[in-house]
Amino acid sequence: MSLNMNASLNLSRTCAQHCTRTKPPKQMLNQTRFLTTTRPNLYAQPTSLPTETSSESIAFTDNQPDLLQPLTHRRRPVPSTRPELQSHPPPSYMHIGTVTRTGTMSQTVQITRHHQVWDKFLQKHYTRPLRLKAHDPNPDGYLREGDIVEYGSYTQAEKDTKLAKDRERVERETERLSAQDSSGKAVRRFKRTEETRRKMRGAKVRGVQFVVRRVVTPFGVGLDERMERLSVGSEFGLRQEASSEGGQDSLVRGLGGNLSRKSGRASVAG
1 MSLNMNASLN LSRTCAQHCT RTKPPKQMLN QTRFLTTTRP NLYAQPTSLP TETSSESIAF
61 TDNQPDLLQP LTHRRRPVPS TRPELQSHPP PSYMHIGTVT RTGTMSQTVQ ITRHHQVWDK
121 FLQKHYTRPL RLKAHDPNPD GYLREGDIVE YGSYTQAEKD TKLAKDRERV ERETERLSAQ
181 DSSGKAVRRF KRTEETRRKM RGAKVRGVQF VVRRVVTPFG VGLDERMERL SVGSEFGLRQ
241 EASSEGGQDS LVRGLGGNLS RKSGRASVAG
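So for the sequence shown, the UniProt record's numbering puts the first residue at 1; every next one is plus one.
Simulated from the structure, these hints should not be mistaken for lab results. A hint or two may mislead.
Here are the simulated distance ranges between beta carbons [as the list claims (entries may be wrong)]:
no., residue 1, residue 2, range
1, Lys124, Lys162, 39 to 47 Å
2, Asp224, Gln123, 46 to 54 Å
3, Arg128, Leu163, 28 to 36 Å
4, Arg172, Thr112, 33 to 41 Å
5, Lys133, Arg167, 19 to 27 Å
6, Lys120, Gln209, 24 to 32 Å
7, Arg169, Ile148, 31 to 39 Å
Capping the alpha-carbon separation at 25 Å, the derived lysine-lysine pairs in BS3-like fashion look like this [unchecked claim]:
no., residue 1, residue 2
8, Lys165, Lys133
9, Lys133, Lys159
10, Lys133, Lys162
Even glycine gets a Cβ: it sits at the ideal position worked out from N, Cα and C.
All chains should be built: construct the whole structure from the sequences, respecting the hints.
Structure, rendered in structure tokens:
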């Protein structure tokens, strides 16, 4: 019995010593609870700033660009205010097309070019022709059907010239009609310039918006061998009139002259 009692006492002592050794103190428990329960505040500002800074860090911060400063040196100016675009359009504004109709209007041709159209239903691109009108700056009318030309939009200087001519025409017509009609009913038609009428009709109906810059590939006869157009009308129509009955009379009228029936001689107005 005494041996068993001593053994049990020794076992209880060792257990008590082991428990007291492994059990952490209260201060450590409080510290661990504080670290685990609290979270760092990311939006809190530091209470104190560092007073000592090295020369390397100062030089590095001085050389850094200010990101909040506006990048004015990288901004491109508006195309209408650039001086080089006032008289010469940029190459990106140029297009290549084929002349498909000439002679229907004075110094105006029809140009056709192909462009891609997206079909939403079939989810596919299709090539379709795009027909537009372009101004022929050459008054002799050397362009022919089949010529491959390079065309572009009007420059700002050309637009200003057109508007100035339009205003002069409006003033001239207004003065002429005001002298004839005192009621002013006929004068109201010419009080609006072409620019105002375009805004009233909408942007879709703007007339001739492009001008031919150069001929890339002439069709048939070269530019040096071509004669100037004799009148407003296609060459095919003049040939048909000349081959039909009374072809001489129609051909002379196409040339700009008149036919004397009494003498039978054709005179062309020079």
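Hint by hint, here is what the structure shows:
no.	hint	result
1	Lys124 x Lys162: 39 to 47 Å	holds (40 Å)
2	Asp224 x Gln123: 46 to 54 Å	holds (50 Å)
3	Arg128 x Leu163: 28 to 36 Å	holds (33 Å)
4	Arg172 x Thr112: 33 to 41 Å	holds (36 Å)
5	Lys133 x Arg167: 19 to 27 Å	holds (23 Å)
6	Lys120 x Gln209: 24 to 32 Å	holds (27 Å)
7	Arg169 x Ile148: 31 to 39 Å	holds (34 Å)
8	Lys165 x Lys133	holds (20 Å)
9	Lys133 x Lys159	holds (16 Å)
10	Lys133 x Lys162	holds (17 Å)
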